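Trainee: Chains A and B, in that order, give the protein sequences. Using the numbering used here, you'd call the opening residue of the first sequence number 1315 and step up by one each time. Using the numbering used here, you'd call the opening residue of the second sequence number 11 and step up by one each time.
Please note: incorrect hints may appear among the correct ones.
Going by beta-carbon spacing under 10 Å, a handful of chain A positions derived as facing chain B [claimed, not checked]:
hint, residue
1, L1506
2, C1539
3, V1542
4, T1618
Now the stretches of chain A that chain B is said to cover, found in silico as 3 or more residues with beta-carbon under 8 Å [unchecked claim]:
hint, region
5, 1363-1376
6, 1397-1406
7, 1460-1467
Listed below are the simulated DMTMM-like cross-link pairs for lysine to aspartate or glutamate, each with C-alpha atoms no more than 25 Å apart in a straight line [stated by the list, open to error]:
hint, chain 1, residue 1, chain 2, residue 2
8, B, K300, B, D331
9, B, K300, A, D1341
10, B, K278, A, D1413
11, B, K300, A, D1463
12, B, K278, B, D241
13, B, K278, A, D1460
No lab work stands behind these hints: they were computed from the structure. Note that the coordinates shown come from a computational prediction; the quantities given were computed from them, not determined experimentally. Glycine residues also receive a C-beta, built at the ideal position from the N, C-alpha and C atoms.
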Amino acid sequence: MTESVVKVRDLDLVYQSGNEAFPALSDIELEVGAGEVLGIVGESGCGKSSLSSALLRLLPPNGRITRGHVFYKDLDLLEIPETRMRQFRGAELAMIFQDPLTSLNPTFTIGTQMRDVQRAHGGGSLSRAQIYRRSVEMLEQVGMPDPEDRLRSYPHEFSGGMRQRIMIAVALMLKPGVLIADEPTTALDVTLQAQILSLLRGLCKEEGTATIFISHDLGVVAQICDRVMVMYAGRVVESADLFSLFDEPLHPYTRALLRSIPSRNRRGSRLVSIPGRVPSLSALPSGCKFVNRCPHAQDVCRATEPRFLDIQGHRVRCHAYDSSSGFRDAGVVTADRFGD
Amino acid sequence: MSMEGKKAPRAEARDLCVHFGQRAAGFAKFTGRRAPVVHAVDDVSLEIGPREVVGLVGESGSGKTTLGKALLRLVPVTSGQVLFDGDDVSHSRGDQIRQFRRQAQMIFQDPHASLSPRLTISQLLEEPYRIHRIPEEDRTSVAHLLETVELSSELANKYPHELSGGQARRVGIARALALHPKLLIADEPTAGLDVSAIGNILNLMNDIKDEYGISYLIITHDIGVVEYIADRLAVMYLGNVVEVGPTERVLDDAAHPYTRALLSTVPKPDPRRKDGHAPSLLPGEIPSPKNPPSGCRFHTRCAYSDNGLCRTVMPKQEWVDESHAVYCHRWRTVRG
């Protein structure tokens, strides 16, 4: 991997509610290099969106980062003052949200909105003509027909797919080092989704943007990402390059996720479902957080939290792969080859 | 259309059209100006056999939901027929329509929006009985309904906002099942759910089908879902069914260029598809049903369209084999 652009180390996040603190994220580690696309998957409530808010320091008032570092290049984003952070957001760290209609202001034309973003971050250094040229150029890049005319249109005059293209154009306009895309295609049809995914991947590779792609859809992740990180109950439970993760998933949770995808191969047989639900933050089990839903759970899993192991670059948080954990009959788990 | 075993279809649409905005409404009554007519469903024929699962796929705006609603007479039929067990119900009223609605139910797309926030789960589940004035002794108990959809009976006194998406979806299914229908139309039953919850809902739908002998029309944009559960697959584009046939045949040997494009863009959990196997991206977006293209409606985005026939003549149904129909002038070329 090339030099990493974003690096997160030992990040813990809690949400304060009354006198109680709920651990939303714990021990998060991640790295994304220039031009690399990292996928983050997991069920709802596993902390995907908390993580992206933590990276941008856009936490709700009751959210608090209690430990860890978020490095952007060599700078720890958790150490810098808010005024500095504000300059970074949008310029160096951009974000694309799920629903473009709520992130675009309905009362201004998109030309105005694109201009304002450039003015806010460019100081007074950019001329009107430069700003205009850059806006047109960005709309062209995202495949918008007649960009010069469309700059005068309002958000409601665009279709869903076009709006998401505008969001991508705005996000990438200032050439950010990092792009966080939170379920950017969930609201779109598959045909549009395919267009947007290939556009996004192409632009990120071209511009060398480190991209964090959050999705609950493993199919989408397989199409766009270079590496994948699986989250569960606020922890990273597995992280590997795309092919290893899909060919040889190690964590029982990842395996269950992959097996529960409906497809024709499973016709006539019951889909594997993961019993139970993601535990709520107020009632997390003490050991491994997946223990209540895991088919291989043992006493050691209930007692202690597994370490985040590194097996030749493939990282997993499970006692079965840790010879020092005291997990019995680990062969049952390790030999449970995926695809059987 | 041929049916296995030549049984009468449970539900059938014959040359069904649903157009919106034909009558001037609101302010237009005074100005006399007419909004353009929206051709939501145009000339669609589709059969759903007893105990058959038909999947209906297509982009948003293709008329899938409107077709589903028209089959239940939830939107007015402009022309053509809706048949249920061989009876024409397209213009039934009063008791007749109430009888029909007992037997055909819908599972709505957004479970939270389709459950009244002011009623408890048990009230919601009893509502169909109240509406249809079913005597107490013929009702299925709330506890039993909840059990059927694998929900704990503790939920009976809760309100919809206290449920998760998957639970609300199950309540929607339980409500549809309350009257023991013969046909269930499920609009995006898995949209917005996590993978593990999708698996649970599909397993449940399969169980119910076997237990109650229900036919399904499953409207979805998730090809994985239809691959898994549907016996036959119908593909819609801009108000028309463009291809219909046994699921495997349509998936493996699609004859319509739109079906092919749609299938190739479906994201698969297989990283190897990313390289080499680039999806044949459809250019542009679905045109407006207010002003659908002439001839074949897909010709504006079709790689195979010629300038003659495709632009002027709407394709008729042609048979690829005895069970697989396609509406395309050039399907022989498409299949190569």
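Trainee: Hint by hint, where does the structure go against what was stated? Just the numbers, ascending.
Mentor: Checked against the structure, the hints that fail are numbers 4, 5, 6, 7, 8, 9, 13, while the rest are satisfied.
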